[in-house]
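Engineer: The chain contents come next:
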Amino acid sequence: MMAMDMETTGLDEQRHAIVSIGLVPFDLRRIRMAQRRYWIVRPPRPLSERSITFHHITHTEIEQAPDLDEILDELLEAMAGHVMVVHYRHIERTFLNAAVKARRGEGIHFPVIDTMSLEARLHRQPLWARFRRWMGRPPASIRLPDSRTRYGLPPYQAHHALIDALATAELLQAQVAHHYRPDTPLSEVWN
Amino acid sequence: MQAELLEIRQHMGQFPPFDQLSDDLLDELAGQVEVGYFQADTDIYRHDDVVEHLHYIRSGAIDLYRRNGDLYNRLSEGDIFGQFDLLRDQRVRFPARAIEDTLIYFIPHAMFRRLCELDENFADFVEVERPRLEATVDQQRKGHEMLVTKVRKLASRAPVMVESDATVQEAAQHMGEHNASSVLVLAAPQADDDSHAFTLDDGRSRRMVGILTDHDLRNRVLAEGLPASTQVGQLIDDRPITIQSDESVYEAMLRMLRNNIHHLPVLYRRRPIGVLHLSDIVRHETNSSLYLVDNIFRQPNVEALAALKGDVQAAFVRMVNEGDNSQMVGSSLSSIGRSFTRRLLELAEEELGPPPVPYCFMALGSMARNEQSIVTDQDNALVLDDRFDPEQHDAYFLTLAQRVSDGLAACGYSYCKGDVMATNSRWRQPLRVWQQYFSDWIDNPNAERLLHSSIFFDLDSVHGEEAFAERLQDLVAERASQRPRFLAAMARNALNRTPPLGFFRTFVMEKDGKQNNTINLKRRGTAPLVDLIRVHALACGSRAQNSFERLEDIAKTRLLAGHSGERLRYALEFIAMVRIRHQVIDIQEEREPDNDIEPENVSDRERHNLKDAFQVLSNAQKFLKFRYPMPSQKR
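Protein chains in written order, with this note's numbering: chain F, 1 to 191; chain B, 1 to 635.
Honestly, I wouldn't trust all of these hints.
Stated by the list, open to error - Estimated spans, in silico, between C-beta atoms of each pair:
1. 143(F) to 84(B): 49 to 59 Å
2. 517(B) to 179(F): 46 to 56 Å
3. 268(B) to 154(F): 53 to 63 Å
4. 50(B) to 63(F): 45 to 55 Å
Simulated from the structure, these hints should not be mistaken for lab results.
Glycine included, each C-beta is placed from N, C-alpha and C at the ideal position.
Okay, chain F solo, but in the shape it has when bound (with noise of 0.2 Å):
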């Protein structure tokens, strides 16, 4: 497995872009930190006036930083034969899946296990979250740091791509611990 997670300029594909990108193999024993992956890229479109601020990524850095097709075929490479594990797959699955599709014509198609839709799973939502979930907001709840803390993880600071694949990883381990078992189908977790 490998967990992944991105910085954004926003939510939308369309209109946002990449930052940055963190990869951490694991398995359900161990995260290895010692094979981590972590990139920077420029985003094609200029980054808009409001100056955005990334925590820990200053704007000189990504100035400075290649465009993601420099690095499409490592990142793939690196993807390759590993099951990808992100919190909320609407992100990283659709902006990978435009980037792709804008430098090499076609896009990218790729499972994933969300740990955010197996801990909505878990916490089987009242009505009302439902639809605060249906207007497009995540329900509050199973937000990566809040989940954490229902498994006596610890808090990290959050927003960056390598700490929250970290964190992310961390999360599914638990989540299995404590639900699941080792032997689980994979078509029961994923997505």
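Since chain F is already given, all that's left is putting chain B on it; use the hints.
Structural biologist: Using the frame of chain F, we list chain B on its own:
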């Protein structure tokens, strides 16, 4: 620094031993960790598993077990485990189980070995028991007073100085007038910008060209047959070795030893402000409590003595802050306590007249062992001459005992709750009765007698006929070692008080998993250590009273294997010092000092060391049981 690792390295960097790693090593370490999650009540590893990582608890809590299922340790955030197994054969000795949902950082074996190789502090920390304690105790010793105290504190007398054209006779007269053993020799500066020039009080500019000592007057003048009119300047060959007033006493001593000199001129910039003699340093080393002791003997009555109570606390705080170890603090406080006792006896004798028969006033317990603490009660007894006749003489000795006991209470040494005081007629007896007591206790031990033995067999004369106390010490030393049944009973008694397992968050962890809010470090640490050292000391016929000296006597025998004696010494020193430091904190925060410490006031490092020290005690107690078995009743 890569921001993505910040999360990991910042956390690890707060906890020992990682808190002392260099930034580079810490970065490297953070990039190497693996992470794993363990649900509460699941095994992290089992007995005989192979350990390939050092385990660091990022969050949660775990228990380590012994083979027999007993709790070995409970650890939480920031603690490490698995190091013992990595250093041995990598087989799990203490299985680990998560007791809360726990996140572990795994540090690969290769990285662990690298840290051990590159960072001495890390290596010391992860090694078992002795080295870690030893390193800490030694480090504390290095922080000693001599390193802290500045030279100027000792060089308080203005230097005696003469011009280089003065005669040796004039110089000698000058030295005689000022009762000085050396004189500094001055001359006019060589040039206007002489870098050694300074200005005298009368405005004249001078440079120091040398020093002339008693030794020089003997060897270079008299022995050489030079006339008294010889000019001092002719005897001076080099600019003397000097020291700046803000350097440490330690540095001063080094400089004297290195250059084989006994006099060291002390300069403030270029101006001499005094001369340090080697004996000043020696005196300073033993001086701290001497002033107070001297003062005690000048007080005219009990009220004036009681007024010195604050001075005792102040002296105690100063000793600790200047870096004295527990032995120095213990013996200083004991001599202060003896001085109070002696002065009270002198005052009582002045009033009551001379004693009708000779007596020896004995100190018992910590004062006799020279291990007194600032929190202490009085344990004392009177040994009277065998001509003692209760009808005629006891009224005198009862009054004497009462004066001392009440006086000590007024000076802060509270009455003994167990009534082990000379005011108790049972403990105010002629020597032959004492000899009978001691023999009975040793030959036919029972619960009460064993308790008495552990109090009275630490005994020392404070005032009067020292020989009486020595006779009793001899009796104990000769008789106890010959009585296996007595030793076995004393050994069992020494196991009544046991140490806790260690600390867990803000609690004291007991061996049965119970958690308490405070720990009495005397009852759970120093006292059981002292008890078990006493048993070995009795077994080897040691006449020493002090626990550290007893350990030296024990080391000459084969009673303890290998490094056990050394370990006990370090454990006692460390626990005693933590207790003392916490008492200093109590005093500085204007609380009544006591023997209790609260885990939240114990630093991470202290926790680890205390845990090691408790372990040493625990192991030594187990050995004691085995070393002194109860002899079978059959003949």
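Engineer: Each hint should be assessed against the structure and marked as holding or not.
Structural biologist: Hint check:
| no. | hint | result |
| --- | --- | --- |
| 1 | 143(F) to 84(B): 49 to 59 Å | violated, 41 Å |
| 2 | 517(B) to 179(F): 46 to 56 Å | violated, 37 Å |
| 3 | 268(B) to 154(F): 53 to 63 Å | holds, 55 Å |
| 4 | 50(B) to 63(F): 45 to 55 Å | holds, 49 Å |
The structure fails to meet hints 1 and 2 from the earlier list, while all remaining hints are met.
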